[in-house]
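Q: Those sequence lines, one after another, are chains U and A.
Taken in order, the first sequence gives residues 1 to 112; the numbers are from my numbering.
Taken in order, the second sequence gives residues 1 to 118; the numbers are from my numbering.
None of these hints come from the bench; they were simulated from the model.
Cβ atoms here follow ideal geometry from the backbone N, Cα and C, with glycine treated the same way.
Any given hint could turn out to be false.
On the chain A side, residues computed to face chain U include the following (Cβ under 10 angstroms) [as the list claims (entries may be wrong)]: (1) V4; (2) Y36; (3) Q38; (4) T49; (5) I93; (6) F109; (7) P111; (8) G112; (9) R114.
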Amino acid sequence: GEDVEQSLFLSVREGDSSVINCTYTDSSSTYLYWYKQEPGAGLQLLTYIFSNMDMKQDQRLTVLLNKKDKHLSLRIADTQTGDSAIYFCAERDPGTASKLTFGTGTRLQVTL
Amino acid sequence: GAVVSQHPSRVICKSGTSVKIECRSLDFQATTMFWYRQFPKQSLMLMATSNEGSKATYEQGVEKDKFLINHASLTLSTLTVTSAHPEDSSFYICSASGLDSDLYNEQFFGPGTRLTVL
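Isolated chain U, as found in the complex:
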């Protein structure tokens, strides 16, 4: 089975960059995702990366993928208070087209 792990908590100051890390164990994953969850709400897809890519940039978000180390990271540039939320990485199960395995989640706190 897959285990997807994240650090529990990250605190950054407004305007700084945030880096949220994720490690996974299933090297055959095809897609890797980052989701954002605000308090009491569902999940919002932020970005995704194909397993054959090393990096993807989308406005303030940069995703880095190191397949050798099974490490995924999400960098948020110029972090704002509205970025405060829980961030989940997820990997798609290659054996089942849509099934996702979620990481443990990282709570991002942005301070003034």
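We have chain U already, so just place chain A on it with the hints.
A: Coordinates of chain A only, in the frame set by chain U:
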């Protein structure tokens, strides 16, 4: 596009009663719907996967008779928590996936339903 709604957003019930939660895809046809459970400060745990018109596939450890899932149409799936008990209190989130999504097999998530069993 790709909006998923859930109803109700919050429900409080007495122990022993049954509660039905609806998940709807509003602007696309959802061939597959997923039901997740999330405990406070924890990750999402997949409970079951349902395909329209067929029986749901439950994850290991999830009681089929306890959590009844129906996916009778391409826009609606329901989760019924039967004879609910306080330990069933949780945040239930559904997601939907369809062949006409912008990203093939992408999952779009509902806003979640907070169930509290007294």
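Q: With reference to the structure, classify each hint as holding or not holding.
A: For each hint, the structure was consulted:
1. At its closest, the beta carbon of V4(A) sits 8 angstroms from a beta carbon of chain U; the interface hint therefore holds under the 10 angstroms criterion.
2. Checking Y36(A) against chain U: minimum C-beta separation of about 8 angstroms stays under 10 angstroms; hint holds.
3. A hinted interface residue such as Q38(A) counts as satisfied when its beta carbon comes closer than 10 angstroms to some beta carbon of chain U; here the least separation is about 9 angstroms, so the hint holds.
4. A distance limit of 10 angstroms between C-beta atoms decides the matter here; for T49(A) the minimum to chain U is near 7 angstroms, and the interface restraint holds.
5. Satisfaction of the interface hint for I93(A) is found here, the shortest Cβ-Cβ separation to chain U being roughly 5 angstroms, below the 10 angstroms cut-off.
6. Contact between F109(A) and chain U, as hinted, is supported at the beta carbon level, the nearest pair being about 4 angstroms apart and thus within 10 angstroms.
7. Contact between P111(A) and chain U, as hinted, is supported at the beta carbon level, the nearest pair being about 4 angstroms apart and thus within 10 angstroms.
8. The beta carbon of G112(A) is positioned within 10 angstroms of a beta carbon in chain U (closest approach about 5 angstroms), and the interface hint is therefore held.
9. Checking R114(A) against chain U: minimum C-beta separation of about 7 angstroms stays under 10 angstroms; hint holds.
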